[in-house]
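2 protein chains.
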Amino acid sequence: MAEEKSFHMTPEEFRRYGHAAVDWIADYHSRIESFPVLSQVKPEEIRASLPKNPPAQGEPFEAVLKDVEQLILPGVTHWQSPNFFAYFPCNASGPGILGDLLSSGLGVQGMLWSTSPACTELETHVMDWLVGMLGLPDKFLSSSSGGGVIQDTASSAALCALLAGRERSTHCVSNKKGANGRLVAYVSTQTHSSLEKAAMISGIGTDNLRQIEVDEKFAMRPESLARRIEADKQAGLTPCFVCATVGTTSSNAMDPIAEIGKICRERNLWLHVDAAMSGTAMLCPEFRHLQGGVELADSYNFNPHKWMFTNFDCNCFWVADRKALIQTLSILPEYLKNQATESGAVIDYRDWHIQLGRRFRSLKLWFVIRHYGVDGLQHHIREHVRLAQEFAEWVRNDNRFELVAPVPLNLVCFRHKGTDPANQTDSNQTIMDRLNRSGDLFLTHTKLNSKLTLRLCVGQTNTKRRHVERAWRRIQEEANKVAAD
Amino acid sequence: MAEEKSFHMTPEEFRRYGHAAVDWIADYHSRIESFPVLSQVKPEEIRASLPKNPPAQGEPFEAVLKDVEQLILPGVTHWQSPNFFAYFPCNASGPGILGDLLSSGLGVQGMLWSTSPACTELETHVMDWLVGMLGLPDKFLSSSSGGGVIQDTASSAALCALLAGRERSTHCVSNKKGANGRLVAYVSTQTHSSLEKAAMISGIGTDNLRQIEVDEKFAMRPESLARRIEADKQAGLTPCFVCATVGTTSSNAMDPIAEIGKICRERNLWLHVDAAMSGTAMLCPEFRHLQGGVELADSYNFNPHKWMFTNFDCNCFWVADRKALIQTLSILPEYLKNQATESGAVIDYRDWHIQLGRRFRSLKLWFVIRHYGVDGLQHHIREHVRLAQEFAEWVRNDNRFELVAPVPLNLVCFRHKGTDPANQTDSNQTIMDRLNRSGDLFLTHTKLNSKLTLRLCVGQTNTKRRHVERAWRRIQEEANKVAAD
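Chains as they are written, first to last, in the numbering used here: chain A, 584 to 1068; chain B, 584 to 1068.
Just so you know, these hints were derived from the structure itself, not from any lab. One or more of the hints may lead you astray.
It does not matter which identical chain is meant; a pair holds if it fits inside one copy or across any two.
[Stated by the list, open to error] Below, simulated DSS-like cross-link-like pairs (lysine-lysine); rule was C-alpha separation at most 30 angstroms, straight line: (1) K1064 / K920; (2) K920 / K800; (3) K760 / K906; (4) K760 / K649; (5) K816 / K759; (6) K1034 / K759; (7) K816 / K760; (8) K1030 / K625; (9) K920 / K1030; (10) K722 / K635.
Values in this document were obtained by computation on a predicted structure and should not be read as measured data.
With the hints as constraints, model all of the structure from the sequences given.
Next up, the structure:
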């Protein structure tokens, strides 16, 4: 019988178009500084350039790639630009991108050990490596009571941690009977909004999420936490979970993990430590004091996709007691049963997160660690921190500006003091809007002590001294203009 | 000042190694039939080949790629093999892989419209295209009250749907006060296990998840559903959500959407339609009768990463009332505020799912649709269905075997009748184990009416007639051996 008609891309076509796609990316990274960092398009502008209906017949790959260049690129905000200082970074690297490409090419589904043993075992292995690389407690090792898993984002990891805490405190009754409206979780006023979302999703409710006050450094006050837990207990509620942060999103504040951990241990609350961006700094021993007490955590997570050159998505999540996590999230329908699972000798990661399906995400992490080596990773993290510290020094020495929060690592929170106390807020907004509209750099804001504050985060893969210098020069220029307005 | 020391891969190195990675994938797909489909390694075998500690110094890319070949590949179960007939497929294609590569290369974070307008707008656009391509109701269009979003998996989509149903029925009180243990959700005994997991996660509880009985075709009995809802109402509970399935995982059963939808509309329950695999078949108008009544759904989802040649992860999820979804999942911290969001003129997809961060996933879907065109996609889906129907016919004509469920599309559930009634189950287990150990093909099982049943699903990108023929020949061979045992 003749070979059937086929519209698939053959391996030889894939080779040709794949080279073209790789070349496009290499070129994109070579000319990335020529684009405005923040996309300047208006709402609906991109859509207006796209055909109303999908094509009936297939189109050549060249046409699609050309449209990426002409139609899509104007609508891209260049997160990989060295002039990107906004939010927290979401950096990437050659080895990360290529590791992910191989994951796509292999196209395996790692929901069970048996559905691709290497997908599970490389993940466990790399997560064990990282325990040592970050100076995390041995209890997070797979050879101990715990273990690590790659999640998509810190939001999902936090949700899993909250669920595990919920189940531990109710002896797994919530999974069966539902939440009862009396479970209480604790964060600080500075904790990432994903915890509020997790409280909503998990059926705990935002009314039962206590936002503990912070000190002058924006770190959770442990004595307030302890007091609030006791008050809730007195009221007949069930405190079950605390999230402490190593480097809050707003200002990179460091919650006192040791003190919070002690409170959690004494009262048997689940302690989750969220080190989404700043966890990467723990590659360098000199920064580990910032998370002193981490050995008291029940779970911990950080995002290599933020600052460790591993493209999105890649969140590393560890638990000290894997049984607690697995019994929270385990389901076992007949069609997924298999001998390896029944032997108990393997990890089935579908029981470690929300999703069932999962791609081979450890490949990109493995590629990154092997490409850079521990020394290479440390070098670049130290360099980013050094540049941010230098920027902070420039701010400190310019009396038109002030630092608004401590600068423990790579995030600088600062503000223009303004020319007139009555419109202080405006001058910062004006400076930021003008900078971002110029396309020269991109930075974002927060509010600290009710004041509009600019944030400059150094974490993009290719950010070098000259980019930070230029950012500061441009900020000064805009401050001059505001003064002259 | 001299350029700083750098361990990063330069664009030129990326070009060279990128070509090597693409070539490796092209070669892998060319020789994929030479590997045993199901990996034959033992637990811990892959880990034992990996170095105990991470490298201090970086290693050459060539060394890493060589290790993928030598250390990783033996632990891979070849989901992309044309001889993969297990579970549901998770197929991929050249354009899908390359679209995903560009997503990695651009490295944008699409949590907000403003953080990369093209990421949001292309997604909305492609999701609108698919409404037409699948014959879904207009209310799912972004120009209507609804809209679509790309999620990672059907598990996450189902969870979001359940949460939206929970909030709608409690007038958003659950988000605030927590779940109250009195909300009830409905599925069938054949619904995917992710719904059980969603009931656990959402604080509804598995005791409040009713598994409605099914008919002889394994489809939900609407009259039982209606009865159960009334009984729960009588008992003072709050029915809030029903999940109906277009193509159950176990046997590809089709729940009667029209009848279930009518029940939901009359009682104001949220109807979620899960068409994870079989939704792709709706590209072909002749199969749309299988989801007649879909216009009554509040939400709908299918996975292009299962059967539509779009590599994992890519789940398409639509809602009829986007406000209901957004108010369920919305959070807005100061550091994410921006003018575009405040104008109300844009979509911020972070309010449409669990996660905050999100990659540019619509690129791969757009690449796939443009490469194949609607005609090309239809051609291959029809071909898969035709091959499965042909296989079913072979089973029907061999009196040693029987079909155990209807074959509406591309999944065949069948069993060996066995030589001795006392060990019927064993002969199917034996046949399956021997086939899978041979590496010639991979298929999995389920239980239907308490009987062990083999499943053969035709959905791999490159599966052609000769692969299905060979599968049947090998199954017959093993049946002969079992008879001779």
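Hints versus structure:
no. : hint         : result
1   : K1064 / K920 : between (68 angstroms within a copy, 25 angstroms between copies)
2   : K920 / K800  : between (51 angstroms within a copy, 23 angstroms between copies)
3   : K760 / K906  : both (20 angstroms within a copy, 29 angstroms between copies)
4   : K760 / K649  : neither (55 angstroms within a copy, 51 angstroms between copies)
5   : K816 / K759  : both (23 angstroms within a copy, 20 angstroms between copies)
6   : K1034 / K759 : between (46 angstroms within a copy, 28 angstroms between copies)
7   : K816 / K760  : both (22 angstroms within a copy, 17 angstroms between copies)
8   : K1030 / K625 : within (26 angstroms within a copy, 54 angstroms between copies)
9   : K920 / K1030 : between (51 angstroms within a copy, 11 angstroms between copies)
10  : K722 / K635  : between (55 angstroms within a copy, 17 angstroms between copies)
Hint 4 from the list above is the single one not met by this structure.
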